[in-house]
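**Student:** As given, the protein sequences belong to chains A and B, one line each in that order.
For the first sequence, the positions run 1 to 259 when my numbering is used.
For the second sequence, the positions run 1 to 411 when my numbering is used.
Simulated from the structure, these hints should not be mistaken for laboratory data.
Careful: at least some of the hints might be erroneous.
[As the list claims (entries may be wrong)] Quick list of in silico lysine to aspartate or glutamate cross-link-like pairs, EDC-like style, CA-CA up to 20 Å:
#1 A:Lys139 with B:Asp267
#2 A:Lys139 with B:Asp79
#3 A:Lys160 with A:Asp174
#4 A:Lys139 with A:Glu28
#5 A:Lys113 with B:Asp79
#6 A:Lys37 with B:Asp267
#7 A:Lys113 with B:Glu363
#8 A:Lys139 with B:Asp87
#9 B:Lys306 with B:Glu363
#10 A:Lys114 with A:Glu103
#11 A:Lys30 with A:Asp208
#12 A:Lys56 with A:Asp75
#13 A:Lys129 with B:Glu285
#14 A:Lys114 with B:Asp79
#15 A:Lys113 with A:Glu89
#16 A:Lys84 with A:Asp57
#17 A:Lys258 with B:Asp229
#18 A:Lys139 with B:Glu285
#19 A:Lys258 with B:Asp403
#20 A:Lys114 with B:Glu82
#21 A:Lys160 with A:Asp194
#22 A:Lys30 with A:Asp194
#23 A:Lys113 with B:Asp87
#24 A:Lys173 with A:Asp195
#25 A:Lys84 with A:Glu119
#26 A:Lys113 with A:Glu80
#27 A:Lys139 with B:Glu82
#28 A:Lys114 with A:Asp94
#29 A:Lys204 with A:Asp57
Listed here are the chains, written in short residue letters.
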Amino acid sequence: MRRILVSGALALAALGLGAVAVAAEHTELKHQHWHFKGPFGTYDRAAAQRGFQVYKDVCAACHSLNLVAYRNLIDLGLTEAQVKGIAAEITVPDIGDDGSAIERPARPSDRFKKPFPNELAAAAANGGKAPPDLSVIVKAREGGPDYLYSLLTSYVPFDKLTPEQIKEFNVTKDDNFNLVFPGHRIAMPPPLADDKVQYTDGTKATLDQEARDVVEFLAWASEPHLEARNRTGIRVILFMLALAGLMYAVKRQVWADKH
Amino acid sequence: MASSHGAPPVFNNKVIAWIDHRLPIFSYLEKEYHTFPTPRNFNYFWNFGAIATVMLVLMIVTGIVLATNYTPHVLMAFDSVERIDRDVPSGWLMRDLHMNGASFFFIAVYIHIFRGMYYGSYKAPRELLWLLGVVIFLLMMATAFMGYVLPWGQMSFWGATVITNLFSAIPVVGDSIVTWLWGGFAIDNPTLNRFFALHYLLPFVIVGVVGLHVVALHVHGSNNPLGIDPKGPQDTVPFHPYYTMKDGFGVIVFLIVYSVFVFFMPDFLGHPDNYTPANPLVTPEHIVPEWYFLPFYAILRAIPDKLGGVICMFGAIAVLFLLPWLDTSRVRSCVFRPIYKWFMFVLVIDVIVLGYCGANPPEGYFVPLARVATLYYFFHFLLLLPILGKIERPLPLPPSIADAVLNKKAV
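Okay, chain A solo, but in the shape it has when bound:
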């Protein structure tokens, strides 16, 4: 048994080394403590609700969230009435009973409205490349929440750059320089700043706070079932540990006369 564990650990160590080697190519990420990390992790509802506000007021101008519906916000602790209200403020395109194009208020069952009618329009309005959809962005980046938090908080203004950085990465005045973005020149201008949003719960809207909150929200959007997964996992593993103990006792009993 010990040998099996050792060989398993070796294999995992080899995998882990591979992952570390890949991640080390970029600048060190700012590692944060996230409420949803670990086997007992849950989403910080208040932070995620604030993060939704950041998404709605800032990110949604360019980034879609195609896989999330307004009804999903109920999972973040909003009431059904609140969700209906949020949806009703938004007008979405649809097809009327007579087949003509109409606009109507969104319903909770609608997916989040896209900022652009299609990918070509999104690309045309953003210098040739459509801003990525944010539905699974936390799972789609190496480093996940730490990477996104670092990305949002690691912009360096042109006049703060060293001459070496400007030379090495070919930065001009119009470029946005980000310490953690691969290649450092990023099309997205710094999206967040102090007091970019007015939090309804009175929290002070610093850049750091906004970044943490929106990452909490996007982590939830990427994986809405995380809490159910953790809960189920704890139960399954406790059950299996008990079962393993019983099986071991049975096995010992059966083999007692053979050793």
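Following the hints, complete the assembly by docking chain B onto the known chain A.
**Tutor:** Positioned in the frame of chain A, the structure of chain B alone reads:
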């Protein structure tokens, strides 16, 4: 019920006796899974056959459930997988079980293969048993590769591009074969459709070959850590309850480790790029296959010539087919092979090094490292095995299994 060896079972239940008289499935189960004489000295490495079987069944069950909710279309596949994750009741569980199940199926099978190699389970009279096992391994690789394409993420698409393009290295007909595989002139909807069809079909082919694998196993029975044949009832125990209970314990311990991944780090073994929908116009920075292919991927890239790389990659599996005849030693188990034993450990390290090289971009010191490791891999099978068997002086074998088990100092 009678449990003495050889005597036909007597069934007290009239229905069972009636059926068995006409279709002897109960006699068969009784003979093959109850009284079946099994060496008494298995260690826990012998659990991995049962574990692999459990994983195969688990993959088929979760796979069928997923297939009822999946849409094999380039415009809808990615979203349909996300829909399973988000909106289908317990869909996230089925998907996490299935995608991590592939990894754990391979973990079980890799341990099973190395166990067979260490204890010489491929030697006469079990050569066909071993060959069928390598066929299962090949079928698993094909199934896993096509399954990874189905979510239609960036790594799905570009992994499929790299692997299918390998066939273009074949002289003269290579390009035609690639077009035939793709069902067109690029990887597109026909490719995804056929991969889905084959990904659904091949697991049942695997079940069939596993059946043959088990039939071949039950002709001469299992090998054992000593690699010597049982000489009588004192050397064996009935399969049930001795090994059903021991396998049951091993399976549950394995499933606990698997559950830790499924429930607490379901994406740890995956690649983040596969959460970006496939885009034929954007190539990922590094294209890497799933971890269980990395050693073979490293061999492919270690050879500076495309056709040579493809030949070596497939050759790495082809040598497994020849293994029973490459090994010239008459002793099965490494327990009694004082030199080869250490080379087995070196081979395991070599394969891990190859996997490490495969995970990293082919630059810097990874290039010579992968080449040396590739060379060593083939050296082990093609030179070391045939020669060492001739010159190595094995330790004396114990007179019988019972003797070795009951006088531990004999081993």
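**Student:** Give a verdict on every hint.
**Tutor:** Do the hints match the structure? See the list:
1. A:Lys139 with B:Asp267: Since the Cα atoms of Lys139 (chain A) and Asp267 (chain B) sit roughly 8 Å apart, the hinted pair holds (cutoff 20 Å).
2. A:Lys139 with B:Asp79: Measuring from Cα to Cα gives roughly 15 Å; hence the hint holds.
3. A:Lys160 with A:Asp174: holds (14 Å)
4. A:Lys139 with A:Glu28: holds (19 Å)
5. A:Lys113 with B:Asp79: holds (16 Å)
6. A:Lys37 with B:Asp267: holds (13 Å)
7. A:Lys113 with B:Glu363: violated (44 Å)
8. A:Lys139 with B:Asp87: Answer holds: Lys139 (chain A) to Asp87 (chain B) is near 18 Å, not above 20 Å.
9. B:Lys306 with B:Glu363: Satisfied, since the Cα-Cα distance of roughly 17 Å is no more than 20 Å.
10. A:Lys114 with A:Glu103: holds (14 Å)
11. A:Lys30 with A:Asp208: holds (11 Å)
12. A:Lys56 with A:Asp75: holds (17 Å)
13. A:Lys129 with B:Glu285: Holds, at roughly 17 Å.
14. A:Lys114 with B:Asp79: holds (16 Å)
15. A:Lys113 with A:Glu89: holds (11 Å)
16. A:Lys84 with A:Asp57: Within the cut-off at roughly 18 Å; holds.
17. A:Lys258 with B:Asp229: This hinted pair holds, its Cα atoms lying about 18 Å apart.
18. A:Lys139 with B:Glu285: holds (17 Å)
19. A:Lys258 with B:Asp403: Roughly 12 Å between the alpha carbons, so the hint for Lys258 (chain A) and Asp403 (chain B) holds.
20. A:Lys114 with B:Glu82: Holds. Lys114 (chain A) to Glu82 (chain B) sits at ~18 Å (cutoff 20 Å).
21. A:Lys160 with A:Asp194: Holds, at about 18 Å.
22. A:Lys30 with A:Asp194: holds (19 Å)
23. A:Lys113 with B:Asp87: holds (19 Å)
24. A:Lys173 with A:Asp195: Distance of about 25 Å is beyond 20 Å: violated.
25. A:Lys84 with A:Glu119: It is violated: about 28 Å lies between the C-alpha atoms, which goes past 20 Å.
26. A:Lys113 with A:Glu80: At roughly 19 Å apart (the allowed maximum being 20 Å), Glu80 (chain A) and Lys113 (chain A) satisfy the hint.
27. A:Lys139 with B:Glu82: Between Lys139 (chain A) and Glu82 (chain B) the Cα gap is close to 12 Å, so the pair holds against 20 Å.
28. A:Lys114 with A:Asp94: holds (13 Å)
29. A:Lys204 with A:Asp57: holds (16 Å)
Figure legend: structure checked against the earlier numbered hints; hints not met, in rising order: 7, 24, 25.
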